[in-house]
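There are 2 protein chains.
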Amino acid sequence: MQVWKDYQAQHQNRFLDELLALLRIPSVSADTRHNEDTKTCAAAVKQRLIEAGADKVEVCPTAGHPIVYGEKIIDAALPTVLVYGHYDVQPPDPLDLWHSGPFEPVIKEGNIYARGSADDKGQFYMHVKAFEIMMQTNTLPCNIKFMIEGEEEVGSANLGIFLKENKERLKADVVLISDTSMLSMENPSIDTGLRGLAYMEVEVTGPNRDLHSGVYGGAVANPATILCQMIASLHDANNHITIPGFYDQVAALDATERAALNQAPFDEAAYKKDLGVNELWGEKGYTTIERTGIRPTLEVNGIWGGYTGEGSKTVLPSKAAAKISMRLVPNQDWIQISELFKAHFEKIAPACVQVKVTAHHGGSPYVTPIDHVAFKAASQAIQATFGKAPIPVRGGGSIPIVALFEKELGLKTILMGFGLDSDNLHSPNEKYGLENYYKGIETIPYFHQYFAEMSKK
Amino acid sequence: MQVWKDYQAQHQNRFLDELLALLRIPSVSADTRHNEDTKTCAAAVKQRLIEAGADKVEVCPTAGHPIVYGEKIIDAALPTVLVYGHYDVQPPDPLDLWHSGPFEPVIKEGNIYARGSADDKGQFYMHVKAFEIMMQTNTLPCNIKFMIEGEEEVGSANLGIFLKENKERLKADVVLISDTSMLSMENPSIDTGLRGLAYMEVEVTGPNRDLHSGVYGGAVANPATILCQMIASLHDANNHITIPGFYDQVAALDATERAALNQAPFDEAAYKKDLGVNELWGEKGYTTIERTGIRPTLEVNGIWGGYTGEGSKTVLPSKAAAKISMRLVPNQDWIQISELFKAHFEKIAPACVQVKVTAHHGGSPYVTPIDHVAFKAASQAIQATFGKAPIPVRGGGSIPIVALFEKELGLKTILMGFGLDSDNLHSPNEKYGLENYYKGIETIPYFHQYFAEMSKK
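Chains A and B supply the protein sequences, listed in that same order. With UniProt numbering, letter number 176 in the first sequence gets 176, and the count goes up by one each step, no holes. With UniProt numbering, letter number 201 in the second sequence gets 201, and the count goes up by one each step, no holes.
Chain A with its partners taken away, still in its complex shape (with noise of 0.2 Å):
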């Protein structure tokens, strides 16, 4: 509608100063050190909500960190809206490879480069500010609520407990988020699945100390060598993942769905250049966009143990740990997972050493159906402004909280993102596009206004 595109080039600057405010808070979930600039985000997410317009505007205490909700209910009988985003961010480490401060948002090139600009800051923001706009616009044409969490990068322990305590308030139609990428702004895409996540620490111990590694080298087991063994073990040579049962609730795509899937365009060449890797890697029999959509994976991310400062130690360390993170695809269910991943890890463990295996976090993963009204609205919204109907297709990604929403309020999730896969997301040098931004703000009312229209037929 004109009077959106009149509303917000005029007030466009402001949508960008206020998102750059927002990205200055360094609101990293996973660092204890950050708790009281999550706290302070929190707060300035509940000031930006009620100057947009909302009610009952709150910051919610939770045993993490805090849940801020807002609402506009302008028609009981009218559907509702719940519009879900996270506040909270990775750690921005590696520091040294940032160009600009990963909370001293730059932009560059159309970008806004700063850690949480795409994932999710600038993304849940676009809702504000769509909010904004159909509220100074007289146009809202559905009920809104508003629920921005500060734990989803840490695995979102307690939004389940906020879901079960306020179901009423939560009560909506559908569930909607921008936390995800589209293929390219050419080729705008919907995500209809996401992958599950089952994240684990593992801990590998040899000797009570670290040792001279000239007097014992040898003689007694390396746990920096067998944790290296143990996880060596956990591919096979078609990279296929070792753990007993893994793959066994694991849902098979037929030949179509698969070459639907394929569909997507995908350039090879292109994509290891990005990447400046000569050969990709994955599990054999399955394209790239399969691997990294339909098909569940093992990664370390993160490994340590010994000397790892600067010059040499001759030392046989006592402990080595991993961070071992899978993704899964429906129907692997994460807790599941979690106990077959440590009761392997634990089973191939040599006697000469002690292991211990914990859960950090993890989630089950999600299929949107197409069919739904809230997806066909969204369909339509970025027809609308993009000009073209979005590809559906399979994130790669988790967002545990997805399946969360299904089991304890009974709603269906839509994943409108605006991002790309280039974003850099939990990577130094994050950004977001003006672009993606303003186009988000643009596309969201639309979704709005087709999905109250379509839910009245």
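FYI, nobody ran anything at the bench for these hints, they're computed from the structure. Because the structure is a prediction, the values reported are computed rather than measured. Misleading hints may appear alongside valid ones.
Because identical chains share one entry, a pair is satisfied inside a single copy or across any pair of copies.
Stated by the list, open to error - Lysine to aspartate or glutamate pairs mimicking EDC-like chemistry, simulated, CA-CA at most 20 Å apart: (1) Lys-39 x Glu-58; (2) Lys-356 x Glu-279; (3) Lys-412 x Glu-453; (4) Lys-347 x Glu-279; (5) Lys-356 x Glu-310; (6) Lys-171 x Asp-75; (7) Lys-72 x Asp-173.
Starting from the known structure of chain A, arrange chain B on it as the hints suggest.
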């Protein structure tokens, strides 16, 4: 001699205080942040040599940390002993495992706890004090030269140059070093051989940046996983090292030699209990004594990559790295082994990653001739103070410069160490027994006396 005993008894407390003062200087050679401390330590060593009665004492600059030299020439016709030691120490980390500050020495249950107490400040300083005793009692039976360096823990990179440039000044009949261990105070021993060392650092690079493990996981090689697979492949099922040609030069011992070696008292139950391990580990077909003495080994001294901080981060790291060192035995050449390692590691790297292999430092193995007059003098000296002839054993550690002395100065080396394997060398809570310290000071003058006498014959 009684005069020695009396003098030592009279000055023993000062001997200890002087050592504690040295131990308070954090002369960590591997860490550039301690460069000032190593300078301070060198100056302190110089001062102590002067006080003990040495002439021409000098702090000799090198491209790295300085070497302290001093000498006492009483008669050019008499034999000359070159005493070698090192004032630099290993990094103290992991700091949190120390019961007391690594550089705040404390005496507990008859032990001096501090980094460098046994390796090597406590041991080289015995020679300074033994020298003082002989000087003060006018009983010095031969010429003595002291060469105390500051780079032993980082590979003595500049010592070779110093030897080359100071052949005249370093002229001697034998090198005497106390930087090794005894089996126990009840079973004194002398190392008749040392293992060589080749210390490497490897870096595996996958994608050009850290990636989101959900978006890219399963499609791009994870350098941490690949590094684990590569390290795992360096040992076979029998824990033999798989690097082609690695064992080609290894001097095999015949049954008699192996039997003699295995005469040394070894209590496996006590050994396991001390280390807190349920099972030992090592190369199939060899005993623990052989594995640590006459067989080469490959150990991961450190490994790191990805997110190692608090909590969880779903990252697919761009790089993973490890420090890997090999202990070598006669007649392996450390440069050749370093090259074999590099070639092999580069060869086994899959095309989906890039590897960088750097050689840190190394040294060749060494065997002491037990028929050498100085070896006999050392045996008798120990017999005189311990009441027992020492058992000849093969030490597992490496003092690369021992081979260097033979090459550059044509001198044999006697390894008359007074430490214990339980001294936590290179580990938290390094210690050195007061009794070991005092007994060493008591023993050393006998070595000089017997060596001077036997050399006459």
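Hints violated by the structure (listed by number, smallest first)
Hints that this structure does not satisfy do not exist here, as all of them hold.
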